[in-house]
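Kindly generate the complete structure, drawing on both the sequences and the hints.
Just so you know, the protein sequences line up as chains Y and X, in that order. Each residue of the first sequence is one higher than the one before, starting from 1 at the first, in my numbering. Each residue of the second sequence is one higher than the one before, starting from 1 at the first, in my numbering.
No lab work stands behind these hints, which were simulated from the structure alone. Among the clues, some could well be false.
Said to hold, decoys possible - Think about it this way: if two alpha-carbon atoms lie no more than 16 Å apart in a straight line, the pair counts; the simulated EDC-like pairs of lysine to aspartate or glutamate are:
(1) Lys24/Y with Asp43/Y
(2) Lys2/X with Glu49/Y
(3) Lys94/Y with Asp128/Y
(4) Lys27/X with Glu87/X
(5) Lys24/Y with Glu173/Y
(6) Lys24/Y with Asp130/Y
(7) Lys2/X with Glu169/Y
(8) Lys183/Y with Asp138/Y
(9) Lys115/X with Asp97/X
(10) Lys2/X with Asp148/Y
(11) Lys2/X with Glu173/Y
(12) Lys27/X with Asp61/X
(13) Lys98/X with Glu108/X
(14) Lys2/X with Asp145/Y
(15) Lys24/Y with Asp128/Y
(16) Lys2/X with Glu89/Y
(17) Lys151/Y with Asp12/X
(18) Lys183/Y with Asp34/Y
(19) Lys151/Y with Glu6/X
(20) Lys181/Y with Glu49/Y
(21) Lys94/Y with Glu41/Y
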Amino acid sequence: MKELSLNILDVVENSISAGASLIKIIITADSANDRLSISIEDDGSGISEDILWQIEDPFYTTRTTREVGLGIPLFKMAAINAGGNFRIESQIGKGTSVRAEFALTHIDRMPLGNITDTLHSLIVTNPDMDFYFRYQIDGEGFALDTRDFRKILQGIPLNSAQVSLYIKEYLTENKSEVDKKFKFNV
Amino acid sequence: MKSLAELQAIRDKMQANLGLRHDEEDKTRIVVGMATCGIAAGARPVLSAFVDLIAQNNLTDVTVTQTGCIGICQYEPIVEVTIPGEEKVTYINMDADKAREVFEQHVERGVPIAKYALNTVMDK
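So, in structure tokens, the structure goes:
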């Protein structure tokens, strides 16, 4: 994967397959501690313990439990190669959380890339699911919560044209306002 | 900061135009493969292109959804277009530019682009 936003998209696809109704994606950069953390949390069906320990192994794959494949090993590798760490936790019936940490300035850290396109396409192609997204650099940030949007929209779907355009602009404008306060790129 | 008041304005405008809804079965369906194989091969710009084109053209009778791995990873990114009452067309090795072409020719004008489509014999 060329950018971390693609890893995020891939992991979220697992959450969707697991029947999640709410997915939280939180990206936090902390330059003082040289840390970038990405966490993805869902309330899907969860993964049983006997599968969970094998999931980080790239050679473990099964077509019957489709949440398993190369996606998690690739994300883990991206973190480990960039002086970070990786953790996946899950509980049957409760959900799964994936957390990857990176050394922010590590030469081998993949750029975050186009997180706006990742989020926008996820929301619009899954209009009945809720997404919470938070993007934060050194304490400055913004959030998007489709539950708030839904309250305002009163039944108008999140994938209708004007709403889709609004969501894209919301992500683009708010992210660039945060980014322009900093000299480095996440 | 983009405000939620703007979203309220969109809602008010849209509530005035209700009745333009289409039944699901009357809609043209675009499906993009978004498993690890698809994403690694470049499916996100393809998906984004369709999502943006539908929004920009204010289309209410076209939906775009995602699917998992369909087992022909070497042909990813893969896109399926189904116009109601017509045969499904599977496009392979897509990118954002080809997606725009498929949108203009097939989705909007109803003319499939044979050169990007998977051989129908293999489709069976």
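Hints, verified against the model:
| no. | hint | in the structure |
| --- | --- | --- |
| 1 | Lys24/Y with Asp43/Y | 9 Å, holds |
| 2 | Lys2/X with Glu49/Y | 43 Å, violated |
| 3 | Lys94/Y with Asp128/Y | 19 Å, violated |
| 4 | Lys27/X with Glu87/X | 14 Å, holds |
| 5 | Lys24/Y with Glu173/Y | 20 Å, violated |
| 6 | Lys24/Y with Asp130/Y | 9 Å, holds |
| 7 | Lys2/X with Glu169/Y | 8 Å, holds |
| 8 | Lys183/Y with Asp138/Y | 12 Å, holds |
| 9 | Lys115/X with Asp97/X | 14 Å, holds |
| 10 | Lys2/X with Asp148/Y | 14 Å, holds |
| 11 | Lys2/X with Glu173/Y | 7 Å, holds |
| 12 | Lys27/X with Asp61/X | 5 Å, holds |
| 13 | Lys98/X with Glu108/X | 14 Å, holds |
| 14 | Lys2/X with Asp145/Y | 13 Å, holds |
| 15 | Lys24/Y with Asp128/Y | 15 Å, holds |
| 16 | Lys2/X with Glu89/Y | 35 Å, violated |
| 17 | Lys151/Y with Asp12/X | 13 Å, holds |
| 18 | Lys183/Y with Asp34/Y | 14 Å, holds |
| 19 | Lys151/Y with Glu6/X | 14 Å, holds |
| 20 | Lys181/Y with Glu49/Y | 43 Å, violated |
| 21 | Lys94/Y with Glu41/Y | 10 Å, holds |
Taken one by one, the earlier hints fail for this structure at numbers 2, 3, 5, 16, 20, listed in ascending order.
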